[in-house]
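Enquirer: Spelled out from the first residue to the last, the chains are:
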Amino acid sequence: MSATESAVVSRFANWNAAIIAITVIVLIVAAASVDSFGTSQNFGFLVLDLLPIALVALPMTLVIVTGEIDLSVASTLGLSSAVMGYLWNANQPIETIIPLCLLLGAVLGAVNGFFVTVLGLPSLAVTIGTLALYRGLAFVVLGDSAVADFPTVYTDWVTGSIGGTPIPNVLIIIVVLAIVFGVILHATPIGRAVFAVGASEQAARFAGVRPGRVKFWLYVASGLISGLAGVLWTLRYSSARADNGAGLELAVVAAVLLGGVSIFGGKGALPGVIAGVVLLGSLQNALRLSDVSNEALNVVTGVLLIASVLGPNLVNRLRRT
Amino acid sequence: MADALPLLRVREVSKSFGAVAAVRDVSFDLYGGEAHALVGENGAGKSTIVKMLAGVHRPDTGSIELDGTGQDLGTPADAKAAGIAVIYQEPTLFPDLSVAENIAMGRQPLGRFKTIDRAAMVRQAAQLFARLGVSIDPNRPARGLSIADQQLVEIAKALSADARVVVMDEPTAALTGVEVERLFAVARSLRDDGAALMFISHRFEEITALCERVTIMRDGRHVSTDLLTDITVDEMVRKMVGRDLGALFPKQDVAAGAVALKVRGLSRDPVFKDVSFDVRAGEIVALAGLVGSGRSEVVQSIFGVDPRDTGTVEVVGKTLKPGSPKQAMAAGVALVPEDRRQQGLLMELSIERNVTLPRSRSLSQLGFLTGNRERREAKEWTQKLKTKYGRLSDNVGTLSGGNQQKVVLAKWLATNPKVLIVDEPTRGIDVGTKAEVHRLMSSLAADGVAVLMVSSELPEVLGMADRVLVMREGRLVAELDRSEATEESVMFAATGQEATL
Amino acid sequence: MTQRRNLAVLAVLALALSACGGTTKSSTESQNTAAPATTAGKADPNAPLKEGLKIAYLPKQLNNPYTDVEVGGGKVAVGEIKGEYKLVGPNDASASSQVSYINTLIQQQQNVIVVAANDPNAVCPSLNQARKAGVKIVTFDSDASKTCRDAFINQATTQGIGESLVKMASELAGGSGEIAILSATPNATNQNSWIKVMQTELAKPENSKLKLVKIAYGNDDDQKSFTEAQGLLQSYPNLKVIVSPTTVGIAAASRYVSASSYKGKVAITGLGLPNQMRQYVKDGTVKKFALWNPADIGYLAAYAGAALSSGQITGAQGEKFKAGKLGEYTIGADGEIVLGPPTEFTAANIDQFNF
Amino acid sequence: MTAVELPAPHRSSLDVVLRARELGIVLALGILVLVTTISNPRFLSGQSIRDILLNTAILAVLAVGQAVVVITRNIDLSVGSVLGLSAFTVGTLLQNDNLPVVLALLVGAGVGVVCGAVNGVIVRYGNVPALVVTLGTLYVYRGITYFWAGGQQINADELPAGFLDFGNATLLGVPYLVVIALLVLVITGVVLRNYRVGRELYAMGSSPQAARLAGIAVGRRTIGAFTVSGALAGLAGVLFAARFGTIDAAAGTGYELNVVAAVVVGGVAVFGGSGTVWGAALGALLLTTIGSALAVLEINQFWQQAIVGGLILLAIGADRLVAVRVAASLKKRGSHVSN
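Going down the list, the sequences are from chains V, Y, A and E.
The first sequence: position 259 = 259 (UniProt numbering), numbered continuously.
The second sequence: position 24 = 24 (UniProt numbering), numbered continuously.
The third sequence: position 251 = 251 (UniProt numbering), numbered continuously.
The fourth sequence: position 193 = 193 (UniProt numbering), numbered continuously.
To be clear, the hints were calculated from the coordinates, so they are not data collected in a lab.
Heads up, a few of these hints could be off.
[To be verified] Here are the simulated lysine to any residue pairs, SDA-like style, with alpha carbons at most 20 Å apart:
#1 A:Lys54 <-> A:Glu84
#2 A:Lys224 <-> E:Gln304
#3 A:Lys224 <-> E:Ile307
#4 A:Lys25 <-> V:Ala246
#5 A:Lys224 <-> V:Pro99
#6 A:Lys214 <-> E:Pro160
#7 V:Lys267 <-> Y:Ser393
#8 A:Lys282 <-> E:Asp157
#9 A:Lys86 <-> E:Gln152
#10 V:Lys267 <-> E:Ile187
#11 Y:Lys114 <-> E:Ile187
#12 V:Lys267 <-> Y:Thr370
#13 A:Lys282 <-> E:Pro129
#14 A:Lys86 <-> V:Ser293
#15 A:Lys224 <-> V:Val140
In this text, all values refer to a predicted model and were calculated from it rather than measured experimentally.
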């Protein structure tokens with residue numbers, strides 16, 4: 001194999017770069033071929049649709065890089081939404097409710113963190129447990145009813161855009177948090193510790209990193225952001241319900257893995273994850289605008305997910321022989 | 001004693017991984033009833049040879065013949081079927097299964113309807129242990145067995161397979177003297193029953209004690225095969241390295257300074273009890289003893305990765321909080337751990353990330369890391385230690401064992417330690433690198449670093465240390481000056497009886 | 001670390017304090033309900049029906065046989081008025097997926113959206129956005145909030161359905177005994193208003209011997225309804241009738257009872273599809289149940305939407321329009337259009353219906 | 001060789017721990033049934049028990065398959081989707097022809113075998129983690145079912161009476177569905193415990209590295225484990241169709257979490273190598289019984305999910321505790337070279 005060829009191959013084997021390229025291509029093709037995909041209004045809808053996945057994927061990336069997983073995020077979102085509705089019904093001021101919901105999210109995350117780091121239980125099992133537990137509690141809090149009539153000042157802000165421009169307000173939240181998490185992961189000692197823990201917990205410990213502490217706070221962050229996603233979800237739809245966001249965890253994990261993060265930990269980059277989120281969101285949007293059924297999207301998501309790991313593996317194998 | 005015809009012939013085998021030729025045109029013969037040593041520096045291709053015999057790798061060219069017929073060892077199952085048993089350096093047991101089942105895996109005695117006859121399986125295991133003269137409960141799970149016991153189970157596996165060729169890849173690396181003796185007794189009896197043994201070790205005294213013939217490899221090539229009676233240790237070393245070595249253990253004399261590390265009454269039930277000692281600046285103190293005597297646990301507890309029940313640790317007058325490596329590092333302690341792959345390095349991360357991980361906080365500016373300072377620092381220290389690598393961004397797992405150990409040392413020397421603890425600093429690295437490591441430790445001591453060294457290699461202990469502390473069953477039982485320390489005195493203290501070596 | 005933690009606690013406290021006297025539900029109630037409907041302009045009853053109208057149906061979810069029949073009727077009507085018919089919908093009955101579809105329909109510049117709301121409020125902002133873009137909104141099955149649609153096709157008056165459900169239950173129970181309700185989801189608008197009427201009916205003296213012991217929710221999920229029916233029978237051994245005002249619930253309950261030892265002891269009634277229920281009517285598990293013709297709902301919705309879009313009506317009370325084979329309809333209070341009385345099905349007449 | 005005194009083959013300490021683990025579930029189950037029965041004696045009526053067993057049967061078949069995969073240190077999240085695809089396939093076939101029940105079971109299992117083998121092949125040859133593969137095929141298989149069904153629902157009246165009878169009929173008082181589940185359980189249990197293939201699955205899960213070196217055909221066994229899980233999910237699809245009579249493309253959605261929950265509660269370690277299918281089946285029984293008990297006890301049904309979640313945490317917490325205890329005792333007991 002020639003030098004240039006192998007350079008091309010290694011470029012492709014870097015899934016992070018590949019996924020960004022794929023995402024850009026999909027965006028261009030969609031804008032060119034799907035009517036009204038490129039409109040500013042549609043851009044607003046697109047951003048709102050991928051808001052919860054984008055937010056939750058940020059801490060999830062860090063959690064998966066440490067080699068753990070948090071499947072309880074969607075349930076945390078649901079419980080945050082349910083509590084928000086409950087307190088709103090109890091005539092509490094929204095300005096108190098929102099910080100309380102964020103705090104609740106952080107506490108729920110801390111519970112996960114406690115089981116995983118203090119008791120040393122496998123996170124997959126723990127968070128499947130809390131997935132059921134938190135969702136169950138959401139139903140206990142709010143039952144099957146829906147709470148509406150949130151103040152329009154807040155709901156309008158969430159669905160609105162920055163004065164006159166087509167840029168949705170919530171995009172600010174996404175961008176700010178993405179930068180925060182990106183910088184933490186890639187340009188701080190905490191980020192170095194996150195990668196170290198994912199690569200080898202024991203070796204990280206021998207280098208002075210406290211894996212338990214790192215993971216614990218990541219779970220708190222995951223809970224906090226899920227709580228925030230619950231608040232924004234509730235305000236966006238102006239409807240607090242216990243089943244809000246059900247099933248979202250799989251979409252989030254799919255987006256993160258699609259973004260090139262290794263499920264075994266130690267590898268991954270945030271730009272790739274953002275690309276993964278945008279790719280899934282815009283594919284969904286474009287296919288729907290082209291009247292392609294939901295089902296096709298399911299299949300595409302699944303295939304992309306497998307391909308994101310299979311592709312680089314096969315390329316590596318080809319390169320070796 | 002050896003049969004006239006070779007039992008196993010390795011003929012001109014070659015194996016490449018990508019562009020790297022790991023083994024090139026290597027040939028040698030193993031005879032029934034003979035123990036054959038395979039030596040060479042790390043990266044010489046010994047492990048690749050072992051893996052070819054084990055059926056893990058298939059040779060690119062060349063052949064492996066058993067009793068004169070060519071074998072296609074494509075999978076470990078093929079090797080097993082051909083009667084080749086491999087005992088790896090790191091035992092490969094199934095922790096959740098019982099010991100009996102570990103031994104019988106794939107060959108379980110069958111009863112009615114081809115179901116496994118558990119009673120017979122347990123009986124077989126018990127018989128094997130009786131033959132080996134050990135008492136391990138066949139019904140217990142393999143999880144929690146000591147390394148020595150795990151090796152014994154591995155040997156029982158080989159016995160149960162009636163293996164005709166037994167390959168042992170550094171089986172003694174983690175064993176104590178008594179355990180090595182036990183292993184050798186078993187190995188000799190296997191040999192005397194007509195099996196061909198292949199034995200890989202870095203310890204020449206073991207090779208001379210066990211083997212009749214030695215094959216030396218260098219850079220993937222076969223250098224020579226000789227009867228051990230025809231070759232001296234010096235010649236072997238020369239052939240392995242391809243050059244003459246300076247003194248193996250060049251400790252310079254340094255006047256000891258103030259106490260840098262002060263340990264008092266350190267205890268952790270049931271591992272060690274009431275351990276007290278000092279290490280002064282400029283001193284190299286060896287912590288000797290059998291594997292399992294609690295040496296590594298003591299140093300890990302000092303560094304804070306392991307907890308402790310009672311006791312105090314002071315570094316240059318500052319008392320360390322238990323269980324906090326971070327604080328120990330801040331106080332100037334560095335620990336080069338025993339297990340390079342699991343504890344010392346993040347094998348899947350780059351060389352630069354590994355080197356600068358402990359210092360990521362101090363290298364950051366306003367809490368942020370841009371990567372430049374890390375790269376500069378990593379470059380500086382790896383060059384100081386003459387580490388050989390392609391790019392700093394390569395995974396550290398791609399380096400050879402010796403260079404990996406240099407990365408670990410670079411990582412800790414970069415923290416500018418006042419107290420350097422090294423646990424088995426030269427385990428599993430080749431002779432050349434070993435000497436470099438020794439020279440480095442010596443010069444660090446000369447610069448006023450207090451060095452505490454855990455080692456199982458007596459020549460290293462005796463050559464390097466200003467003082468030798470000996471542990472037995474979790475207690476500090478002797479403190480010997482350089483002048484008092486001999487193989488006999490250390491072994492006597494370590495075992496509590498006259499040494500038999 | 002501790003410092004940082006203290007800071008966090010402080011921040012939360014500060015937020016909580018600043019919130020005293022903040023926005024609460026009661027303080028916003030007046031403001032929210034005051035949000036005006038955007039319908040404007042005047043109806044021109046003589047305006048011709050436009051051709052080529054793009055009419056999209058967005059049911060609660062796809063893959064529901066009842067829904068299929070409804071939108072089937074819609075398709076026929078859209079064909080009659082020479083419009084473009086489209087059917088989209090989520091696979092799960094969630095409001096959030098519906099919102100995405102409404103957004104998509106806005107992008108595709110549909111003229112009319114016929115929607116069955118999964119949550120009366122959650123779909124509202126999007127529906128209003130659609131109306132701003134000139135799309136007419138007709139709801140069916142499950143109404144959205146009044147402020148965000150132009151007209152609602154009501155299968156039957158709430159009062160009428162509630163009364164007929166109680167009447168059937170009373171007949172089957174022989175005038176006295178325990179009855180239970182197996183509903184869809186507790187926030188399904190239509191279900192709840194029927195149940196409310198039933199409760200009022202049951203409070204009347206002539207029904208005093210009927211005792212409503214439990215309202216169970218099967219979430220319009222076949223399996224959940226099945227399990228709920230099972231739970232009801234276990235918990236209430238003296239149960240005489242299960243009333244299920246949802247097609248999914250009644251079918252699941254019938255299937256459970258027909259194969260269990262309760263068959264013949266417990267009667268099932270409610271609202272069901274003749275095709276789904278035929279087997280249980282014939283094997284005697286179910287004596288009678290009721291329903292309107294769902295195809296007519298979709299049919300009527302198409303005509304209502306077209307009339308709105310053509311300017312024949314605006315959704316104001318008292319306006320009239322023609323709905324093809326169904327004849328003339330008059331818009332009631334709050335933009336409601338009532339389809340007509342439900343039909344009762346029994347072993348005698350069930351074979352005349354195929355939907 | 002001299003005669004040596006051999007330790008009598010006794011119950012291994014491993015077995016004792018495992019038994020204790022399963023006893024724990026049985027105990028929890030016993031207490032639950034007792035409390036519920038005291039508050040409502042009808043909970044123990046024939047019909048009620050029959051309902052619980054019928055509902056358990058489907059979950060148990062899935063849990064047995066899942067346990068086989070989890071024991072090898074893998075996971076199969078696609079079981080719910082495979083169940084849906086199989087149920088719909090069988091439903092469609094039965095709509096047109098009156099196939100014998102046995103054939104329906106075989107077709108369903110066949111659909112599952114194909115799905116499971118695809119999972120296994122990608123895991124094995126693609127070297128892709130099972131979590132990723134089966135999360136992907138969870139979407140893909142479900143998508144295929146939706147494509148095919150396209151909103152169509154198969155109702156009880158379209159299915160042949162013989163097939164529906166099979167969902168309710170009994171053999172000596174035991175429903176056929178339960179008989180099938182028991183058969184699956186016993187066969188799998190015996191194979192896992194008493195056959196080499198079974199022990200190799202445990203070995204793979206316990207240490208994949210060592211398994212490869214021990215000459216176990218890890219790749220083939222991995223594909224095998226996924227195929228078994230797929231086949232059982234397919235079989236469960238047929239049972240589902242017979243039991244519920246109404247099949248649409250959404251059948252079995254979200255089942256994967258219940259199944260994993262049952263397996264975990266049943267004491268199968270998520271990192272492989274330990275646990276039994278008996279435990280997994282007991283886990284399924286416990287979860288189902290909780291569901292029924294809540295309805296009978298008139299505890300708000302919304303609590304069910306929360307209780308299941310709490311139970312999972314309790315189960316893995318208890319496993320951890322036991323493991324720590326056992327490890328400590330094994331270390332103390334030690335075993336040394338007898339000089």
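Enquirer: So, for every hint listed, does it hold in this structure?
Expert: Status of each hint after checking the structure:
{"no.": "1", "hint": "A:Lys54 <-> A:Glu84", "result": "holds (5 Å)"}
{"no.": "2", "hint": "A:Lys224 <-> E:Gln304", "result": "holds (13 Å)"}
{"no.": "3", "hint": "A:Lys224 <-> E:Ile307", "result": "holds (18 Å)"}
{"no.": "4", "hint": "A:Lys25 <-> V:Ala246", "result": "violated (26 Å)"}
{"no.": "5", "hint": "A:Lys224 <-> V:Pro99", "result": "violated (36 Å)"}
{"no.": "6", "hint": "A:Lys214 <-> E:Pro160", "result": "violated (34 Å)"}
{"no.": "7", "hint": "V:Lys267 <-> Y:Ser393", "result": "holds (14 Å)"}
{"no.": "8", "hint": "A:Lys282 <-> E:Asp157", "result": "holds (11 Å)"}
{"no.": "9", "hint": "A:Lys86 <-> E:Gln152", "result": "holds (17 Å)"}
{"no.": "10", "hint": "V:Lys267 <-> E:Ile187", "result": "violated (42 Å)"}
{"no.": "11", "hint": "Y:Lys114 <-> E:Ile187", "result": "holds (14 Å)"}
{"no.": "12", "hint": "V:Lys267 <-> Y:Thr370", "result": "holds (18 Å)"}
{"no.": "13", "hint": "A:Lys282 <-> E:Pro129", "result": "violated (52 Å)"}
{"no.": "14", "hint": "A:Lys86 <-> V:Ser293", "result": "holds (12 Å)"}
{"no.": "15", "hint": "A:Lys224 <-> V:Val140", "result": "holds (17 Å)"}
In this structure, the earlier hints numbered 4, 5, 6, 10, 13 are contradicted, and the remaining ones agree with it.
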